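Single-letter residue listing:
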Amino acid sequence: MKRCLIVDDSRIIRRVASKIFFELGFEPDEVENDRKALEAVRINMPAVAMVDWDMPVLDGLAFIEELRKLPGGDSPIVIFCTAENEVHHIERALAAGADEYIMKPFDSEIVRSKLTILGALD
Amino acid sequence: MQPEDFDFFARLLKERSGLVLTKDKGYLVENRLQPLVRQRRLRSITELIGGLRSGDDTLVESAVDAMMAKDTGFFRDWNPFQHFRNVVLPSIRVARKAKRAFRVLCAGASTGQEAYSIAMILHEAEADLRGWQVEVLGIDLSQAAITTAMSAVYSQFDVQRGLPIRTLLKNFQKEDDNWRLSEVIRTRVSFKAWNLLDDLFPLGRFDVVLCRNVLPYFDMPTKFATLQKLSRVMADDAVLYAGVEEPLAGVSSNFQAMDDNLGIHIVQRPDLGKIKSLAAAG
Numbered sequence: 055m056k057r058c059l060i061v062d063d064s065r066i067i068r069r070v071a072s073k074i075f076f077e078l079g080f081e082p083d084e085v086e087n088d089r090k091a092l093e094a095v096r097i098n099m100p101a102v103a104m105v106d107w108d109m110p111v112l113d114g115l116a117f118i119e120e121l122r123k124l125p126g127g128d129s130p131i132v133i134f135c136t137a138e139n140e141v142h143h144i145e146r147a148l149a150a151g152a153d154e155y156i157m158k159p160f161d162s163e164i165v166r167s168k169l170t171i172l173g174a175l176d
Numbered sequence: 041m042q043p044e045d046f047d048f049f050a051r052l053l054k055e056r057s058g059l060v061l062t063k064d065k066g067y068l069v070e071n072r073l074q075p076l077v078r079q080r081r082l083r084s085i086t087e088l089i090g091g092l093r094s095g096d097d098t099l100v101e102s103a104v105d106a107m108m109a110k111d112t113g114f115f116r117d118w119n120p121f122q123h124f125r126n127v128v129l130p131s132i133r134v135a136r137k138a139k140r141a142f143r144v145l146c147a148g149a150s151t152g153q154e155a156y157s158i159a160m161i162l163h164e165a166e167a168d169l170r171g172w173q174v175e176v177l178g179i180d181l182s183q184a185a186i187t188t189a190m191s192a193v194y195s196q197f198d199v200q201r202g203l204p205i206r207t208l209l210k211n212f213q214k215e216d217d218n219w220r221l222s223e224v225i226r227t228r229v230s231f232k233a234w235n236l237l238d239d240l241f242p243l244g245r246f247d248v249v250l251c252r253n254v255l256p257y258f259d260m261p262t263k264f265a266t267l268q269k270l271s272r273v274m275a276d277d278a279v280l281y282a283g284v285e286e287p288l289a290g291v292s293s294n295f296q297a298m299d300d301n302l303g304i305h306i307v308q309r310p311d312l313g314k315i316k317s318l319a320a321a322g
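As you go down the protein sequences, you meet chains A and B in turn. The end of the first sequence is residue 176 by our numbering, with every number in the run present. The end of the second sequence is residue 322 by our numbering, with every number in the run present.
These aren't lab readings, by the way, just hints derived from the structure by calculation. All values derive from a computational prediction rather than experimental measurement. Accuracy of the hints is not assured; some may be wrong.
[What the hints assert, rightly or not] Calculated pairs, DSBU-like style, for lysine-lysine (alpha carbon to alpha carbon, straight line, at most 35 Å):
| hint | chain 1 | residue 1 | chain 2 | residue 2 |
| --- | --- | --- | --- | --- |
| 1 | B | 110 | B | 214 |
| 2 | B | 210 | B | 110 |
| 3 | A | 73 | B | 214 |
| 4 | B | 210 | B | 65 |
| 5 | B | 139 | B | 269 |
| 6 | B | 232 | A | 158 |
| 7 | B | 54 | B | 110 |
| 8 | B | 54 | A | 73 |
| 9 | A | 56 | B | 210 |
| 10 | B | 214 | A | 158 |
| 11 | A | 123 | B | 214 |
| 12 | B | 232 | A | 73 |
| 13 | A | 73 | B | 110 |
| 14 | B | 210 | A | 123 |
| 15 | B | 210 | A | 158 |
| 16 | B | 210 | B | 63 |
| 17 | B | 110 | A | 158 |
| 18 | B | 63 | B | 137 |
| 19 | B | 232 | B | 139 |
| 20 | B | 210 | B | 137 |
| 21 | A | 158 | B | 65 |
| 22 | B | 137 | B | 54 |
| 23 | B | 54 | B | 214 |
| 24 | A | 56 | B | 269 |
[Claimed, not checked] Derived DEER-like restraints, expressed as beta-carbon distance ranges:
| hint | chain 1 | residue 1 | chain 2 | residue 2 | range |
| --- | --- | --- | --- | --- | --- |
| 25 | A | 163 | B | 63 | 26 to 34 Å |
| 26 | A | 93 | B | 232 | 55 to 63 Å |
| 27 | A | 73 | B | 171 | 48 to 56 Å |
| 28 | A | 124 | B | 60 | 53 to 61 Å |
| 29 | B | 140 | A | 73 | 47 to 55 Å |
| 30 | B | 206 | A | 73 | 44 to 52 Å |
| 31 | B | 300 | A | 176 | 38 to 46 Å |
[As the list claims (entries may be wrong)] Chain B side only, calculated, beta carbon under 8 Å to chain A, not exhaustive:
| hint | residue |
| --- | --- |
| 32 | 113 |
| 33 | 118 |
| 34 | 204 |
| 35 | 205 |
| 36 | 209 |
| 37 | 214 |
Even for Gly, the Cβ is constructed at its ideal location relative to N, Cα and C.
With the hints as constraints, model all of the structure from the sequences given.
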């Protein structure tokens with residue numbers, strides 16, 4: 055089963071996202087901040103990471119930049135998932151190395167269609 | 041809902057739209073008509089049906105409209121659009137290189153996402169289509185859906201269903217909480233309120249037809265008749281995209297499946313043209 059890392063400081067969002075990814079055939083793993091996310095990816099690189107922007111320790115942009123420097127850190131598909139919905143935010147996230155961008159609120163259909171675009175579904 | 045009211049409405053709906061309601065769909069009718077009851081300040085579904093029985097034409101139109109499924113999305117199912125971009129479009133460029141023109145029909149265009157997805161692909165291929173006349177026409181029974189399609193403004197939810205984020209940034213401008221499609225894409229598509237059950241000849245002839253997620257709502261004779269009509273407004277080598285997992289084998293002999301998974305069919309006539317062999321090679 056493909057692994058998916060969900061990084062968000064909101065427990066509710068993590069639950070919702072985990073359920074969606076599980077139903078799409080992923081093995082979801084949740085962490086609540088970017089420091090824990092960096093520890094998690096050092097141990098086991100996921101196929102997909104869904105990352106919030108505003109988090110208490112590092113922010114999502116810093117996480118992506120750190121992730122992309124790691125050995126094998128190019129391989130995960132990174133989806134930014136945030137309430138920030140201005141064009142300049144989206145451009146910054148893509149420049150930092152995000153593959154896709156989801157504006158909250160989201161539903162399973164949005165996640166499914168983004169994963170389809172990225173060729174991440176079997 | 042009273043059984044005789046349901047039967048009356050099911051007959052009316054089938055006659056006007058081809059949409060078939062099975063007996064277990066009473067809840068669906070009530071769900072979809074309830075907003076109309078409120079909007080018209082009626083007391084009940086029964087009163088609404090009474091209005092329909094009396095032949096109130098605008099009410100009939102609104103009621104039929106309310107029953108139409110409007111769920112759609114940009115690049116729905118993704119792969120058929122990749123196929124259009126990578127296989128069908130290059131084939132057409134060869135097959136129509138003398139005429140330098142082709143036409144695409146989206147039948148059941150709903151709120152426009154499918155037609156605009158095609159337009160975005162055509163726009164990307166602009167360098168190869170310089171000097172070509174390319175028309176994209178979207179038709180739908182629902183005037184409300186067509187009006188939305190023509191406005192080309194979509195909610196944040198709509199633009200996240202199927203649109204890659206870079207395609208969104210490239211082709212839309214943010215307007216408050218909504219996203220407006222750029223003029224250059226919008227003006228590539230025209231829309232008409234048109235019933236698939238009506239004569240299609242006035243629409244002209246098409247080289248590619250998308251009729252996806254429409255036929256499953258019809259009964260067998262209506263499916264057959266619709267496919268026959270579509271085949272008659274299609275060029276001899278035209279391509280039909282039915283929905284994914286909508287096999288037409290056993291429904292109509294006017295089309296031959298190329299790829300059931302993608303819903304791709306070729307008009308079936310003795311004099312098959314160039315696109316078929318080219319597409320098969322691709």
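Self-check item: Range hint 55 to 63 Å (beta carbons of residue 93 of chain A and residue 232 of chain B) holds or violated
Solution: Roughly 58 Å apart at Cβ, these two residues keep to the hinted range, so it holds.
Quiz item: If you draw a straight line from the CA of residue 210 of chain B to the CA of residue 63 of chain B, is it 35 Å or shorter?
Solution: With a Cα-Cα distance of about 47 Å, the restraint between residue 210 of chain B and residue 63 of chain B is violated, given a limit of 35 Å.
Self-check item: Evaluation of the interface hint that places residue 214 of chain B against chain A, nearest CB under 8 Å
Solution: 6 Å, holds
Exercise. Starting from residue 214 of chain B, check that the Cα of residue 158 of chain A is at most 35 Å away, please.
Key: 15 Å, holds
Quiz item: When you check the alpha-carbon spacing of residue 54 of chain B and residue 73 of chain A, does it fall within 35 Å?
Solution: 39 Å, violated
Quiz item: Should the interface hint for residue 113 of chain B be scored as holding, given a Cβ-Cβ cut-off of 8 Å against chain A?
Solution: Status holds, d = 6 Å.
Quiz prompt | residue 163 of chain A paired with residue 63 of chain B, Cβ distance criterion 26 to 34 Å | solution = Taking Cβ atoms as reference, residue 163 of chain A and residue 63 of chain B lie about 29 Å apart, which means the hint holds.
Practice problem: Given the hint that residue 210 of chain B pairs with residue 65 of chain B, test it: the Cα-Cα distance must not exceed 35 Å. | Solution: 42 Å, violated
Self-check item: Holds or violated: residue 210 of chain B to residue 158 of chain A, with C-alpha atoms at most 35 Å apart
Solution: With a Cα-Cα distance of about 20 Å, the restraint between residue 210 of chain B and residue 158 of chain A holds, given a limit of 35 Å.
Quiz item: For the pair supplied as a hint, residue 56 of chain A and residue 210 of chain B, is the alpha-carbon distance within the 35 Å limit?
Solution: 31 Å, holds
Self-check item: 35 Å Cα cutoff - pair residue 137 of chain B, residue 54 of chain B
Solution: 42 Å, violated
Self-check item: Cβ distance range 48 to 56 Å for residue 73 of chain A and residue 171 of chain B, holds or violated
Solution: Taking Cβ atoms as reference, residue 73 of chain A and residue 171 of chain B lie about 52 Å apart, which means the hint holds.
Violated hints for the displayed structure, listed by number in ascending order: 4, 8, 12, 16, 18, 22, 23, 24, 30, 31.
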